[in-house]
Amino acid sequence: MKLPTTSLEEWRYSRVDGLDLDRFKPAGLRPTAPAAHPEVDALIAAVGATSAVVETRNGFVVSRVVSGQGVHVRDEADLSGAPAAVREPSDAFVVANRAYASDPHVISVGRGVTADPVILVHWVDADDVAVYPRIRIEAGEDSQLTVIEVVAGEGRALVVPLTELAVERAARVDYLHVQMLGEEAWQIGSQVSQVGADATLTSAAVSLGGYYARMRTDCALTGQGASSRLIAVYFGAGGQMHDFRTVQDHRVPKTTSDLLYKGVVANTSRSVYTGLIRVEKGARGTNAFQTNRNLVLHEGAHADSVPNLEIEDHDVRCSHASAVGPVSEDERFYLESRGVPPEVTERLIALGFLGEVLERLPAPALGPLLGDALATKLRAAEQLEQQR
Amino acid sequence: MSTLVIEDLRASVAGRAILDGVSLTIASGEVHAVMGPNGSGKSTLSHVLLGRPGYQVTGGRVTLDGEDMLALPTWQRAQAGLFLGMQYPIEVPGVGLAEALAESFRAGGRDAAPVAATVADEARRVGLDSRLLERSLNADLSGGERKRNETVQLAVLRPKFAVLDEIDSGLDVDALRAVARRVEAATTEFDLGVLAITHYTRLLQELRCDRVHVLSRGRIVRSGGPELADELEHTGYAEWAEEDPAVAGAEPVADPFADPFADPVSRPLG
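Protein sequences, first through last, are from chains B and P.
Number 456 marks the last residue of the first sequence (this note's numbering); no jumps.
Number 298 marks the last residue of the second sequence (this note's numbering); no jumps.
Rather than coming from a laboratory, the hints here were simulated on the basis of the structure.
Warning: the hint list may mix true and false statements.
Short derived list, chain P residues pointing at chain B, Cβ under 10 Å [claimed, not checked]:
#1 Arg-80
#2 Pro-81
#3 Gln-84
#4 Thr-86
#5 Ala-99
#6 Thr-102
#7 Trp-103
#8 Gln-107
#9 Met-114
#10 Glu-119
#11 Gly-122
#12 Val-123
#13 Ser-132
#14 Leu-185
#15 Pro-187
#16 Lys-188
Distance windows between CB atoms, simulated [to be verified]:
#17 P/Asp-149 <-> B/Thr-182: 37 to 47 Å
#18 P/Arg-159 <-> B/Ser-387: 51 to 61 Å
#19 P/Asp-149 <-> B/Glu-252: 15 to 25 Å
#20 P/Pro-81 <-> B/Gly-350: 50 to 60 Å
#21 P/Ser-51 <-> B/Glu-107: 57 to 67 Å
Looking from chain P toward chain B, a few residues come up when the C-beta cut is under 10 Å (computed) [to be verified]:
#22 Gln-104
#23 Leu-110
#24 Leu-112
#25 Ala-145
#26 Ala-148
#27 Asn-166
We put the beta carbon where it would ideally sit given N, CA and C, even for glycine.
So here's chain P without its partners, still in its complex pose (with noise of 0.2 Å):
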């Protein structure tokens, strides 16, 4: 049994405060759901749990069984137990996705001779065509096929958590069931944690929550059970997004890194 413990976070990007002191405790086997109006911080919170560049920590601690999290750089978060399922996940030319994972198991000390079978088994278990797990990770997949790639992922590595970050956004109704399906079974077979973060309700139908996190202005504003997620189906979130549009428009953050290569640079005649 793990718990990740999320106490007071604050955090900003670009010198504006986006997370305003964010507390959530998660067990082994359970799953919650972050649930939130647009610029609420969602994916911020998601970020700054793996600690990616470009969002600055300002306060607050979280701890994997005890471990700080905060003081780790990414990969050794990711080897402690924690995996971000990515909203846009991104393209790596070149690198194959049993390559990347097997060189994961090797540095965490892992067997990684079985990797490839386990892909191709989880490929299988998501409906995602063998044939793409050939290509470069993310390269030219569609939205729905680059989700159910995160979850092979997620299944391949068996972390302690998962923070998943709106994976159910840009799915078809096939490919979110298989998503969901395979995620909520993760919580039985490797008694994996999930924070979910979502916008819709529509995720939480295959993907059975214990708690309901609504999360506005940077704060989680409300807490319950599973009937939360029901009580926002038909309220929505305009009790909380109206309070402040400022902050609704803060995001998405345009990202500071953007990929050098994406766009030639042609230049002058010289």
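Next up, chain B with everything else stripped away, as it sits in the complex (with noise of 0.2 Å):
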């Protein structure tokens, strides 16, 4: 495989001229059983009714439990032909996935059902590996379906995953991402949507771990009257990197679009958002909003982000905005005049400013973990800086 450079636009402030992709070889054997993961256990118990479970250990299938009706798991051998979301060649790791990946996976719900929650579980544990999960998610006319994808465990690995998203006419679907990675892992995603007429898709990420973890969500709204909610929270500490592309793609006309993308940077991490709202020409009526916000903690931590529009029609309603800041000066004072100290005062500041995000995510459920998860990463990063 040959990388690509920071040279590239798509590339630029990530880390992938530090990546040593000869220090990660193809898992070997096929694990035999599931690990022991109590904390991905406890958001799985905290979505209550599933209507799949899949798990994959070291990208291999470990476990699959079909429970629900309507909702078929299969595996994919072949998966190479280019779903029509995606237009031109992806980059190096999405080819990379469709030729290493060894459990790939299709589960589609059919037409008219609404389902349970599926979960997919991708856990690593094994060190230098590469690893590329692969699910395709079909979503037949009129149905309704939520699926959340864990990617978690402390290897150091590099973790390839690629994700596909198909919504067919008048379905739903919400997907969350959930990346709790050790912080010596690589993750370098991609997740491919494709939204048909009138259907509506939210899909969010939620991203903790890793040494450098990238996630390059690319939605094509190709129905009349398809919409998509992009949301992201994440969280970086030490000195983690969180990289996220987006794409908005309206191909044809009345599509709405809304992205709201909110990280927070602690210690010497780093960030990236960089998103493209792209209205093509013939696509009028388009509605298309992008919003990212980050929050400096530190000084030695940075956030960079930077909003793209790229317009070929006219009669379209388009906005972005982005900041970076630190903590105002302002809310810390007022909440240090109540006697609050000041590393509280950041984690109340930091979990209330990620909260307008956690408070949207499908599967809510799932919030009141996710937030209790990013409160004791805020305590750690307070205590780390208070060392250096």
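Join these two chains into a complex; the hints should help.
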């Protein structure tokens, strides 16, 4: 595989130049059973009733439970045909996923079916391996589905997930990606979605782990009346980096997309957000919004935010806003004047800042658990900062 | 019995001297009103007492029962027993009232378990709609609701001394009465000492003050009993305000730490 470099716009600010690909070998033996992972089990338990739970360990499927009516889970030995949503050849990692994914799966929901949530767990607990999880989700016409995909584990691995979402006419899909890898893992992920006429996709990401964790989200609105809502919360500490690239691609008239990404960087961590709203010729009546806000908690941390518009038609309503800034001195003073210590003040303000997105996540039952995970991580970041 | 002593306090904002030697002593249970024309330094005094960034102390001392307040960071001054009721309470997105006060209790080694119930009781006492307690601090509150909210916090935290910066501004008659009565009750309930900064005398009709001080050009130019407030009601501040219009124009000073998220900045297309 030939790696991209940071001289390419798509990889600007990224850590791809530091990726030593030779270090990561294909995972060897197929594990025979899932690992113990109480933190993931807690998330699954909070979801309640599910229609399918599929778990991979270091890239291999180790467990597959299908309990819901109308939900089908199948192996797909050959998912190599590019889905319609991918227009141009994607990056080297998507190509590699197509070549190396060990157990690609398709999860489909039939026409008119309302299914309980589907949970996908990608557990990574091996070191120096490259893992290529690959899932295609097909929501049939007028169906309703929630998918929660969790990528977690302490393995010092390279994880290259590829998730494809085909949301057919009038279907409603809520998708949540939770990334809780260890702080020495690399994730270079892609999510490609296609939203049909009158269909709605909410795609959310909560990103906590990784040394370098990237997620590229390409959301194409391909039928009139399609709408998408893209939201994300990310929080980096120590020397982590989170990297998000999004494309809201309006291909036909009368479609809507609304994006809200909010991140916090602590200690010497980094984040990048680059977003593009593309309105193609003929896509009149497009509504597209994009907001990215970043809170820089400590002096050594840094966030980049680059919104872009590419509009080839008239009669569209588009807006973008981006902000990168420290904790407001006014807010800090207000809380401290009530007797709240500075490190607690920072934690409250950071959680409050992210709360706006947390409360809009699909699978609302997970909100408190993810909020707790953020709070725990903020405490650790404050301790680290005080030792520095 | 506690004592708050302000001695020859001098302070500046953005290099401009605002306080020019203020001295005051307040004992527990006492109410002192600091009155004066616009630009006399009243708000600066309140902010300097709690250590707001952007205000430089250039001289003098502030002690609470002998402890040097100016040497402490803001949160420790609050833990030592100072409270600031702000003229413009600040909105803190995503942070709840009870949550913030519970953290203050924990930091001070107090049991935080009863905080939520105490907040609800105190909200009832000042007539603050309990549904507003679910919101982020000060989010979408009217001026009057914000001041009732400040009063709730004061009553829950039970400080030794409260500095109330124009707690009466922007209040309708009902809200003013509710806030003033709650503070008045606190002076006996937990022996609260009050430094009430105000432009008008109407606050003092419900909050009985022991001493009135007139602040002008950064100094206390007159002190007296409650009758001084009555006198000011008739004479106004013309006597002092006209002496130095330049100083009168010095406030409000623009806050150098504006909220970076208040107004989204759109970047150029790239």
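The hints, checked one at a time:
1. Arg-80: Since chain B brings a Cβ to about 5 Å from P/Arg-80, closer than 10 Å, the hint holds.
2. Pro-81: 5 Å, holds
3. Gln-84: Hint on P/Gln-84: violated, closest Cβ of chain B at ~15 Å, above 10 Å.
4. Thr-86: 20 Å, violated
5. Ala-99: This interface hint is violated because 16 Å lies over the 10 Å limit.
6. Thr-102: Since chain B brings a Cβ to about 4 Å from P/Thr-102, closer than 10 Å, the hint holds.
7. Trp-103: P/Trp-103 check passes; min Cβ-Cβ to chain B is 4 Å, inside 10 Å.
8. Gln-107: 5 Å, holds
9. Met-114: 7 Å, holds
10. Glu-119: 8 Å, holds
11. Gly-122: 2 Å, holds
12. Val-123: 4 Å, holds
13. Ser-132: Holds. Min distance 4 Å.
14. Leu-185: Holds, about 7 Å.
15. Pro-187: Holds - the Cβ of P/Pro-187 comes within 10 Å of chain B, reaching about 9 Å at its closest.
16. Lys-188: 12 Å, violated
17. P/Asp-149 <-> B/Thr-182: 37 to 47 Å: Because 45 Å falls inside the window, the suggested range holds.
18. P/Arg-159 <-> B/Ser-387: 51 to 61 Å: 32 Å, violated
19. P/Asp-149 <-> B/Glu-252: 15 to 25 Å: Violated, since P/Asp-149 and B/Glu-252 (Cβ atoms, about 50 Å apart) do not stay within the stated range.
20. P/Pro-81 <-> B/Gly-350: 50 to 60 Å: 53 Å, holds
21. P/Ser-51 <-> B/Glu-107: 57 to 67 Å: Roughly 59 Å apart at Cβ, these two residues keep to the hinted range, so it holds.
22. Gln-104: 8 Å, holds
23. Leu-110: 8 Å, holds
24. Leu-112: 5 Å, holds
25. Ala-145: Constraint on P/Ala-145 not satisfied, violated at 18 Å.
26. Ala-148: Since the shortest Cβ distance to chain B is 18 Å, the answer is violated.
27. Asn-166: 8 Å, holds
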